[in-house]
Amino acid sequence: GRPYNAFVARGNMGVPRKFSSRGYTVIPHDCLPWGEEPIEPDMYWAMGQQILRAARLCRKHPRLFPVYITNFSCGPDSFLNGYFKSIMGSKPALVLELDSHTADAGLDTRVEAFLDVVHNYLETGARQESGGQGRLRVSRTALQGGKMWVQTAEGRQVAMDDPEVHLLIPSMGYPGAELLAAAFRYVGVRASALPPAGERELRLGQGYASCKECLPLMLTLGSLMRYLEDHPAGQEQLVYFMPVASGPCRFGQYSVLMRDYIAARGLQNVSLLSLSAENGYAGFGNRLALRAWQAVVLADVLEEIRSEMLAAASDAAQAMAVFDSVCQRLAGALATQSWRHLRATLAAVARTLKTVPRSVPPHQVPRVALVGEIFARRDGFSRRHLVEWLAQRGIAARTAPVSEWLYYCDYLVKKGLAADVGWGDRLQTALQGPVKTAYERQIKRLLAASGWCQSQPLQLARVVGPGARVVSPRLTGETILTVGAALAEIIEEVAGVISLGPFGCMPSRMAQAIVAQRLGEVKPTVAREPELVREVLERHPSLPFLAIETDGNAFPQVVEARLEAFVLQVERLHQTILALRGGGHAG
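If you're matching positions, the sequence shown starts at 547 in my numbering and goes up one per residue.
Derived from the structure by calculation, the hints contain no laboratory data.
For glycine and all other residues, C-beta sits at the position ideal for the given N, C-alpha and C.
It cannot be assumed that every hint is accurate.
DSS-like, lysine-lysine: derived pairs with alpha carbons at most 27 Å apart [as the list claims (entries may be wrong)]:
hint: 1; residue 1: K631; residue 2: K758
hint: 2; residue 1: K961; residue 2: K982
hint: 3; residue 1: K900; residue 2: K693
hint: 4; residue 1: K564; residue 2: K631
hint: 5; residue 1: K564; residue 2: K606
hint: 6; residue 1: K960; residue 2: K982
The calculated label-pair distances, taken between Cβ atoms and stated as ranges, are [what the hints assert, rightly or not]:
hint: 7; residue 1: A1014; residue 2: V906; range: 34 to 40 Å
hint: 8; residue 1: R1020; residue 2: Q883; range: 51 to 57 Å
hint: 9; residue 1: R987; residue 2: A1014; range: 32 to 38 Å
hint: 10; residue 1: D966; residue 2: S619; range: 28 to 34 Å
hint: 11; residue 1: G692; residue 2: V906; range: 36 to 42 Å
hint: 12; residue 1: G831; residue 2: E782; range: 22 to 28 Å
hint: 13; residue 1: G692; residue 2: R886; range: 25 to 31 Å
hint: 14; residue 1: Y590; residue 2: E1038; range: 36 to 42 Å
hint: 15; residue 1: S619; residue 2: A659; range: 21 to 27 Å
hint: 16; residue 1: P903; residue 2: E934; range: 47 to 53 Å
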């Protein structure tokens, strides 16, 4: 385990003494000669590398039996525990998840039971463990000669744009997956968007995972499992789109666990794909990269339009019918039209949206910022339809855009904060930056004519700047974005902030703690309307903020009660802002 819990008496609850008092030698794993053991692929946590390398040594040594001490709700260990057990195979190993409430008698029982298993193992004859070796060969994606191929289990090479290949896009909120699938179809790939995840996908994902991993992993894995259940294996080569990352978030381990699932189930015709400059954007270069960027920006704008319509349209059901037809039209345009023709389609779509009647003028609509973990805040099931719940009370949720994260990834490359980045990556990022910004400006300008969204392009510096005052930019990930967005938007753009994250998500918990302490403290120093901010803070020293963790189940009653109180705070703050901007006085 980690030194601060496995090697400290208060953290390990006396477990080492329980073994030594029974006559067994206890060796901390950092005293073992595991230096020659291989490092697990894609394991970017240094302590995770040590733990798994020590596990490999224990698996091979006939007299070493590992005891893995972890803590309740430890994010990295939610994945490491599974890798650890896979390495150990059938060799006895003990995992103890401890917290301050762990009963000592229960630990004694676990220790005694483990020692009995070890004795039986030794008496029956120790044997070399396979550690998960000998699985069936499965397909994989690989970049060769500047082109992405699917290397089949039989050894054939099939191009990504071959009709035999079927690319599946997991849903992360409607209509984002549909638009991204359309971008792939634009470059000749047979791509389909999976339907939004729900209860069935959650249960399927939980059935394979340990249920301690974060919610997005279980939903995306469950979506793949459901597709495979509903579509028995045929002749097509399935490729599941799953982005990768280099930490510190657990997101980078999703693809690792999914590859283990594919191999363990012997799914020979299923492989994974991510998009990056390193793989030439699936071998299709800038043509796919830019069309995918257009799809992301469009999805962000449509998310804003949908939320605004739900809260302010005269007839929400009729508005959603128009919205759905617009989404289908844009998906078809993305898959077939050049940029010049796509702009004309965007202008026509804006005119269609403009026909939807409003019940409330734009400036009178209360808005809240929905920030937090990128999947949870965009996926309808993960956020338990929070956007719709707020809209029923006349409040529009402004969900933090996915394009913000992609801009942030470019920022990390430019600043040299991203892992394994060379001069070529920096050059390509610098060249693509102005082009991406130009596309964003045009898309937002065209759709803003509908009257249902804003035209201002995203300014990452305005988000990262406030966040960097309290979070080091070297702590990469969504923490700085969540903090920065909350501090940058409150009062001037929104009347409240909701931070939503998966249960047990450490970056979300850090951001939520910081925002709760700093909301209303940093903002006046960066405000574009300092007089407004000062007067609002005088009247509302406690600004509306709510932190919510989601595990896929319905929000408990305590969260529902906090939401009701939050709505009252938002309405009061909104009325104060309206009065001050109108030159009047709030009651």
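Right, here's what the structure says about each hint:
1. K631 to K758: At roughly 15 Å apart (the allowed maximum being 27 Å), K758 and K631 satisfy the hint.
2. K961 to K982: Between K961 and K982 the Cα gap is close to 18 Å, so the pair holds against 27 Å.
3. K900 to K693: 43 Å, violated
4. K564 to K631: 23 Å, holds
5. K564 to K606: Given that 27 Å is the threshold and the Cα spacing comes to 25 Å, the pair holds.
6. K960 to K982: It holds: about 15 Å lies between the C-alpha atoms, which stays within 27 Å.
7. A1014 to V906: 34 to 40 Å: 36 Å, holds
8. R1020 to Q883: 51 to 57 Å: 42 Å, violated
9. R987 to A1014: 32 to 38 Å: 25 Å, violated
10. D966 to S619: 28 to 34 Å: 30 Å, holds
11. G692 to V906: 36 to 42 Å: Given range 36 to 42 Å: violated, Cβ gap about 53 Å.
12. G831 to E782: 22 to 28 Å: 25 Å, holds
13. G692 to R886: 25 to 31 Å: Holds, at about 27 Å.
14. Y590 to E1038: 36 to 42 Å: 37 Å, holds
15. S619 to A659: 21 to 27 Å: Between S619 and A659, where Cβ atoms are some 24 Å apart, the hint holds.
16. P903 to E934: 47 to 53 Å: 20 Å, violated
The structure does not agree with the numbered hints 3, 8, 9, 11 and 16 stated previously, though it agrees with the rest.
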